[in-house]
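Got chain A; can you put chain B on it based on the hints?
Quick note, the sequences are listed as chains A and B, same order. According to my numbering, the first sequence is numbered sequentially starting from 1. According to my numbering, the second sequence is numbered sequentially starting from 1001.
I should point out that these hints are in silico values taken from the structure, not numbers from a laboratory. Among the hints, erroneous ones may be present.
Claimed, not checked - Computed cross-link-like contacts, DSSO-like style, restricted to lysine-lysine with a CA-CA straight-line distance of at most 27 Å: (1) A:LYS158 with A:LYS92; (2) A:LYS128 with A:LYS92; (3) A:LYS32 with B:LYS1158; (4) B:LYS1158 with B:LYS1173; (5) B:LYS1197 with A:LYS128; (6) A:LYS164 with B:LYS1129; (7) B:LYS1129 with A:LYS32; (8) B:LYS1129 with A:LYS158.
These figures come from a predicted structure and were not determined experimentally.
2 protein chains.
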Amino acid sequence: MKMAAEHIFGYTYGSAEVAMSPVSMRELEELKISVGFREEDERYLRQAGEVLADQTEQVVLHWRSGIIASIPNLARHSRTPEGEALPDYLAKSNLRFQQWILDTCLRPYDQDWLNYQQEIALRHTSLKKNKIDGVRSTPYVPLRDIVAFIAVINETIKPYLATKGHSPSDVDKMHQAWCKSLQLQLALWTRPYADAKQGLNEW
Amino acid sequence: MKMAAEHIFGYTYGSAEVAMSPVSMRELEELKISVGFREEDERYLRQAGEVLADQTEQVVLHWRSGIIASIPNLARHSRTPEGEALPDYLAKSNLRFQQWILDTCLRPYDQDWLNYQQEIALRHTSLKKNKIDGVRSTPYVPLRDIVAFIAVINETIKPYLATKGHSPSDVDKMHQAWCKSLQLQLALWTRPYADAKQGLNEW
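Isolated chain A, as found in the complex (with noise of 0.2 Å):
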């Protein structure tokens, strides 16, 4: 598997560490199909995976840098609750963001993929948010924010699709994956905000 960086602190993915998903593997499968992720989808993220391996660091930066830092109701998750700069959990958590999208492109989605989507999921949340990394910061990230900024994610990445040279039309294919298996983990880590046994007022 094609890494970020030979250790990234704090990435669990399909270790011990890693609970159980509560969502089935033929949960799963339903939401492929309710989303209209095909074979096809998966082979045109593999070929993303190669088209944005060496671009991971840069991809995060314009989101992190060049979009989240200047808007301030999503840069204070990086930040203490007084909003100072949090210079060492933002660089753990980028590194993860970078790893996250090799993940979204070359990890086949099985019962380890599944595991660390509801790990991520709870990340987001009140429940593991800040945890892993000891830091003091908010509380959790609102859900409506992570909905919304799958919107963002999805319009920038298509231009880092296009410089390896590929047709536009396997661009547009290369990018129609990606946003259905974004939308795909995005129904996934809507689940512990939904849950009324976590009891969570999150949106």
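Using the frame of chain A, we list chain B on its own:
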């Protein structure tokens, strides 16, 4: 305002029957920023609305008969709990679906629009699904299926945006504006599902 039909059953946009949204206009403005929705996008949405205005019946037919009907998991929400067809319910909700395309493109995103987003949100949940039509169907649409199906809507709308001779670049911009609007609306639709006070468990 352009309407999909002279009378649309259960379409209460702008009427006194629609309650005030619990989301504030300020939160809406913040969401627009998170989603990257700019003035340019408003302009391209208007253009999209002109392009789609005489195609809404065909588009909704594509989604309902061409896609949803063959995905049992989604098709069941327009049927009885036993799986029998409800043609009258389907026809009524299809017409509202058509009008929603026009509203997405042509309405100003003001207080009325915000209120109706909340109404749409509630009509997906057990709080309001089936009520206005007085039908016996599934009690709610799971949040994950709403999130997922947005990807299908976004993918399939694009060719319809290209039917009126606009340049590929303009079609791309109309499509980007559309995708941002849908993610914005989706963020609003997730609210009742994530509202601890409602205590829903409808992921």
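Hints, verified against the model:
no.	hint	result
1	A:LYS158 with A:LYS92	25 Å, holds
2	A:LYS128 with A:LYS92	15 Å, holds
3	A:LYS32 with B:LYS1158	20 Å, holds
4	B:LYS1158 with B:LYS1173	11 Å, holds
5	B:LYS1197 with A:LYS128	22 Å, holds
6	A:LYS164 with B:LYS1129	47 Å, violated
7	B:LYS1129 with A:LYS32	24 Å, holds
8	B:LYS1129 with A:LYS158	37 Å, violated
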